[in-house]
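Engineer: Spelled out from the first residue to the last, the chains are:
Protein chains: 4
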Amino acid sequence: MADSPQPINLFEFEDAAREVLPKAEYDYIAGGATDEISVDRNRRAYASWAFRPRVLRDVSKLDLSTTVLGSKVALPVLIAPCGGHKRAHPDGELATYRAAASCGTAMAVSANANTSFEDLAKAADGMLWVQLYPFRDKAMTQDWLDRAQANGYKAIIVTLDSQWPPKRERNIRNRYQRTRGANYPVGGEHPDAPRPAGSGAGSDPAATWKDLEWIKAATRLPVVAKGIMTGEDVELCAQVGADGVIVSNHGGRHLDNTLATVEVLSEAVAAAKGKMEVYLDGGIRRGADVVKAIALGAKAVFIGRPLFWGLAVGGEQGVVRVLNLLREEIEITMAKCGRPTIASIDASAIVRVPPL
Amino acid sequence: MADSPQPINLFEFEDAAREVLPKAEYDYIAGGATDEISVDRNRRAYASWAFRPRVLRDVSKLDLSTTVLGSKVALPVLIAPCGGHKRAHPDGELATYRAAASCGTAMAVSANANTSFEDLAKAADGMLWVQLYPFRDKAMTQDWLDRAQANGYKAIIVTLDSQWPPKRERNIRNRYQRTRGANYPVGGEHPDAPRPAGSGAGSDPAATWKDLEWIKAATRLPVVAKGIMTGEDVELCAQVGADGVIVSNHGGRHLDNTLATVEVLSEAVAAAKGKMEVYLDGGIRRGADVVKAIALGAKAVFIGRPLFWGLAVGGEQGVVRVLNLLREEIEITMAKCGRPTIASIDASAIVRVPPL
Amino acid sequence: MADSPQPINLFEFEDAAREVLPKAEYDYIAGGATDEISVDRNRRAYASWAFRPRVLRDVSKLDLSTTVLGSKVALPVLIAPCGGHKRAHPDGELATYRAAASCGTAMAVSANANTSFEDLAKAADGMLWVQLYPFRDKAMTQDWLDRAQANGYKAIIVTLDSQWPPKRERNIRNRYQRTRGANYPVGGEHPDAPRPAGSGAGSDPAATWKDLEWIKAATRLPVVAKGIMTGEDVELCAQVGADGVIVSNHGGRHLDNTLATVEVLSEAVAAAKGKMEVYLDGGIRRGADVVKAIALGAKAVFIGRPLFWGLAVGGEQGVVRVLNLLREEIEITMAKCGRPTIASIDASAIVRVPPL
Amino acid sequence: MADSPQPINLFEFEDAAREVLPKAEYDYIAGGATDEISVDRNRRAYASWAFRPRVLRDVSKLDLSTTVLGSKVALPVLIAPCGGHKRAHPDGELATYRAAASCGTAMAVSANANTSFEDLAKAADGMLWVQLYPFRDKAMTQDWLDRAQANGYKAIIVTLDSQWPPKRERNIRNRYQRTRGANYPVGGEHPDAPRPAGSGAGSDPAATWKDLEWIKAATRLPVVAKGIMTGEDVELCAQVGADGVIVSNHGGRHLDNTLATVEVLSEAVAAAKGKMEVYLDGGIRRGADVVKAIALGAKAVFIGRPLFWGLAVGGEQGVVRVLNLLREEIEITMAKCGRPTIASIDASAIVRVPPL
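Chains as they are written, first to last, in this note's numbering: chain A, 1083 to 1438; chain B, 1083 to 1438; chain C, 1083 to 1438; chain D, 1083 to 1438.
Just so you know, the hints here were simulated from the structure itself, not pulled from any lab data.
It cannot be assumed that every hint is accurate.
Since the list can't tell identical chains apart, any single copy or any two copies may satisfy a pair.
Cut-off 20 Å, straight-line C-alpha distance, at most; resulting in silico cross-link-like pairs (DMTMM-like, lysine to aspartate or glutamate) [what the hints assert, rightly or not]:
{"#": "1", "residue 1": "K1298", "residue 2": "E1251"}
{"#": "2", "residue 1": "K1168", "residue 2": "D1201"}
{"#": "3", "residue 1": "K1143", "residue 2": "D1117"}
{"#": "4", "residue 1": "K1292", "residue 2": "D1140"}
{"#": "5", "residue 1": "K1357", "residue 2": "E1200"}
{"#": "6", "residue 1": "K1236", "residue 2": "E1295"}
{"#": "7", "residue 1": "K1143", "residue 2": "D1109"}
{"#": "8", "residue 1": "K1168", "residue 2": "E1200"}
{"#": "9", "residue 1": "K1298", "residue 2": "D1140"}
{"#": "10", "residue 1": "K1220", "residue 2": "D1140"}
{"#": "11", "residue 1": "K1204", "residue 2": "D1219"}
{"#": "12", "residue 1": "K1357", "residue 2": "D1219"}
{"#": "13", "residue 1": "K1143", "residue 2": "D1219"}
Using the sequences and the hints given, assemble the complete structure.
Structural biologist: Structure follows, in structure tokens:
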């Protein structure tokens, strides 16, 4: 990063990361299920909305801060729960967390993190959430919930779209082997590689809404359901008392041939009826994407792949730069749309783009 | 197949088959009528529907079995009637049938098969259907119907879209010569190369609905009409007592410039009013395509070109692998959509994709 | 044409013609106005309609004949009026006419033909129409109308879209110089290169509907207006007593940025209210295009560029082959759609194609 | 320009300019904000409308003249306010103004012009408008308004979309440094590079509609608001007494991900309710684009980038040729659409193009 010019946007970050990462790791990060149609659509669908610029509205004082589950963040971009940050940089999750904290935003720690919940909590003075699956192993689940609460984590994300192993063809071709997360008991399975006949720690294919209810009852922390792509499931989340949902197709990494997350957002927001916060991940590469998601009703968005690119290119400082690039682009967009605060970004800021 | 890595999807199967097949045979299999617009659209149209993933619905026990005309198959993917399997592998139809039987599904035997109906019936303990045309030669037709019944075949497919020879430009350029099917009487014509002024065994351009009624009356086996692309013709099939229809444009090999079969499916299903089973062929390459077709009302689908790729790459085992790849992809799709049985796959599993 | 294989479709004819024609002549034939958007759209718009194949309708006896202005033609494809056939072959219009006559169809002779109306009439025993512009020079106009009638021509086409010279950039780059038509008086202007301040033989930019009325009154032959692209102008044609209209944008050679002619056809047919025959030219390359135009209400279609490709590749026999290729493709399409006669090709034979 | 053939359209002008301009200058002119989606869409969106050609309407006398704010121009194409014409040619704004004057149209002088308002006014006998921003510095604003009026300028354009610096990635990569405009007081800031915490001459991010009211009150010249992209802002312009609006997204150079200006035009025209003139800039490259904009309700259009190409290729004569090419193409379009005057170009001249 010292000699070559710094990436000036997230696409250049991806290019730079591709240069330094082993191909199999780059592919693991970049890849998606089967034909990667959903990976591609997640990104391209943002182009379906255009901004409606507004003028003469005093944008001299922009405020990008908002709240997530009642806690303030400096910008509406959070770090998604992604396994194994050490694949991109030896500092792993520690670097990411320090970057997030220094930028005033929250990081969600993956069930498959390379770092223990406890070590991570000590690394900075920011905001942490923890992510888990509806595990078969309820004892381990309770242990994680307790450890999260004891270490000051602010929320629980339950990832619901990993009930069956996906077909990621890049990984198959690369014979890619993942390492186990640091927080599992020794001898447990890979949580995101469940098998129907398996047992133990994996995401349970037999899980039902009762399992999410169990988690909600087992912790005092707010619970956010991740991997929701329909209004029906948003309503079911509300019925079991979830505090939020993340509209997500797992970055196109589990089921291919879905709509883009941003295309599902309005349906999800409508179904939430204001009772739960609705977040989004998938394809965020520009500040413009963030503003569009907020205009469509998202409380905040999460980034996944870009944090790996930041790590690969520059460790903690790389992630800081990724977040700052998004912040600067959000500022421009807010100013040009005449929206000085996050709360002022509503549906009138955008318009559906007609096909050309 | 021994040295190079196994194909991991049907596209790789096609690539591998292209390597081993003579160009003229590859082209015969791949090609379609004139500009091959329908070949292309059959495939691409699946992208017009997206899945609506569902969570927490207990997908630990997936059941892919269904019934076709009352008989159970282990998965909703059948082998379409395609002429001359020996063009892809010396074992020809025997290999295909054994593969189908070992995977628990049915094979439809083409009028132009390289193997006699009798020899094929002895090769495995699976389910066979036979395909014919509305031949001019009623005596031969009756003979085939009787032989099929005597040899335990379960259904008759009557292909209706071959009343006039198509223009397949790859074949014209390659000066491609087809061999005659093994089941025709010596000296008969090519059944799928009829001429208006011709006579004998060919698909009769003068055929009308009375000819289909004649076939229905001439056998106790169920009769399925293949090559149907409109609701009007579905209704006429019902009126003459057909037991099922296959929505098919012959893989884009007869009339170019049609809609994709999957685009016609809803119209056909509505017209069938639940009185006949509706199947589909055309462009199936992924398990996702199968699930979409079922969500739109198909009872099952047929594959054509992929069986030749399987044969070319690995004979019987190649076809087994083709079927298993589809089965695994169907499983993932069903699990991720929260649909543990074929019957649970309904229209709410999909949504029309807006153009980007 | 002797050594290399014969073109098997009109695209191959174009490729073969490009090989033998001087670049400037090829470009003159191929090119259109400014960005050639209309040239491209004329062709591509046919893909907006798909066929609805029908089965079991007795297509053993296909009849492609129809009538134009009351005279029978063997197929619904006529030769459009195109200037200077000698640019493609030394036999020029004589070869084209002989080909049209031997195929049983009509040829429209351009105002800019390289052959005199009289010489052409003697060359074969077919059907000729003549094309002219709303000339400033009424004496010459009357002379042409009289010569056409005296020589057995069957109809007059008046081209109305050439009231102002177009911008054809290929010709500008090639410094292309056209030769004068053989039928103009010595010293007259180029009829299709009018200037507002010019005088004499050119298409008169000051022409109004009174000029078309004048032509109608000046001949007993039926009058067909060419270059019509709106329902309003169809109605005005009817008001002045025209016998037919040709929906045409001059092959995209005059005004760019129009709809395709096939997209305007329904509007034109509706406006004609059955009182005039409606023809179409523009982008016809396949028999399928002809059948689509007829299904949308065209009485017949005209081909322009393909006749030059036929001439360039094989003179009279090349044009015969172009027409025969279209005939064979029309036959296939009619048979597969279950439409044994031209009259049976109605709107139910096609369906609008949804965007993919 | 002497040796190589003259560009025959504006695309060739761009190509020729790219040859002679330093890359950083070419990029500065060509580039836009972030992904340049709006740059591209501005251009491509014209293809969403097609012409409806009309015949026999007497187009022998075409009149391209119209009025802007009550003053006559010979054609409905004006020179947009663009900074620093000397980057393309040493004669800079003097050359552009002489070209505009000789073609009978108006030039808007940028706040960042390389030439003083006074020097420019003396260079020709044409029509000048001046452009400024809602500056923080009201004294300088008053000075500019007074100088414009004293030097015979006819209107004031206030650019409203530059309240925040854009992200132009080509400039970042090229480390592009702009020079200051000739009309700013020594020591003032760059007007189009404002910073929230800055002070002085820059476009004030704190500006509100009161600032536009102030400008309107501070001059007797008509005031035109530039950078309007919504009906709401058109209405607000009317409320503060603006005399016109320019629908503009600054050539895609400020906020990316907007609709094309031509797509917003109808909304703007409707909101203006005939009380203000509505102009447009963005993507004009063909006379056809001009006619489409007028058919959608624009009073006239502005060109920006093409004037730099004209300057780069041939100085004053290059700009003359750019304007003449547009004029010739407008003439062809008007003639072929049967619209002999600007006033006769209404909505019936065009039709929305269906997607192919």
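Engineer: Are the hints correct? Go through all of them and say.
Structural biologist: Here is how each hint holds up against the structure:
With identical chains, the CA atoms of K1298 and E1251 are never at most 20 Å apart, being 35 Å at best within one copy and 47 Å at best between copies. Taking identical chains as interchangeable, the C-alpha atoms of K1168 and D1201 lie at most 20 Å apart only when both belong to the same chain, with a minimum of 14 Å there against 60 Å between chains. In this homomeric assembly, K1143 and D1117 never come within 20 Å of each other (Cα to Cα): the closest approach is 45 Å inside a single copy and 26 Å across copies. For a Cα distance limit of 20 Å, the shortest separation of K1292 from D1140 across copies, 11 Å, qualifies, whereas the shortest one inside one copy, 50 Å, does not.
Taking CA atoms no more than 20 Å apart as the test, K1357 paired with E1200 passes in neither setting, with 32 Å inside one copy and 63 Å between copies. Within a single copy, K1236 and E1295 get their C-alpha atoms as close as 19 Å, which meets the 20 Å cut-off; across copies the closest is 50 Å, which misses it. Within a single copy, K1143 and D1109 get their C-alpha atoms no closer than 41 Å, and across copies no closer than 31 Å, so neither meets the 20 Å cut-off. For the identical chains of this complex, K1168 and E1200 are intra-copy neighbours only, at 17 Å inside a copy versus 63 Å across copies, given an alpha-carbon limit of 20 Å.
With identical chains, the CA atoms of K1298 and D1140 are at most 20 Å apart between copies only, with a shortest distance of 19 Å across copies and 44 Å within one. For a Cα distance limit of 20 Å, the shortest separation of K1220 from D1140 across copies, 17 Å, qualifies, whereas the shortest one inside one copy, 53 Å, does not. For a Cα distance limit of 20 Å, the shortest separation of K1204 from D1219 qualifies neither inside one copy, at 27 Å, nor across copies, at 51 Å. Taking CA atoms no more than 20 Å apart as the test, K1357 paired with D1219 passes in neither setting, with 30 Å inside one copy and 48 Å between copies.
In this assembly of identical chains, K1143 and D1219 lie within 20 Å of each other by CA distance solely across copies; the values are 19 Å between and 50 Å within a copy.
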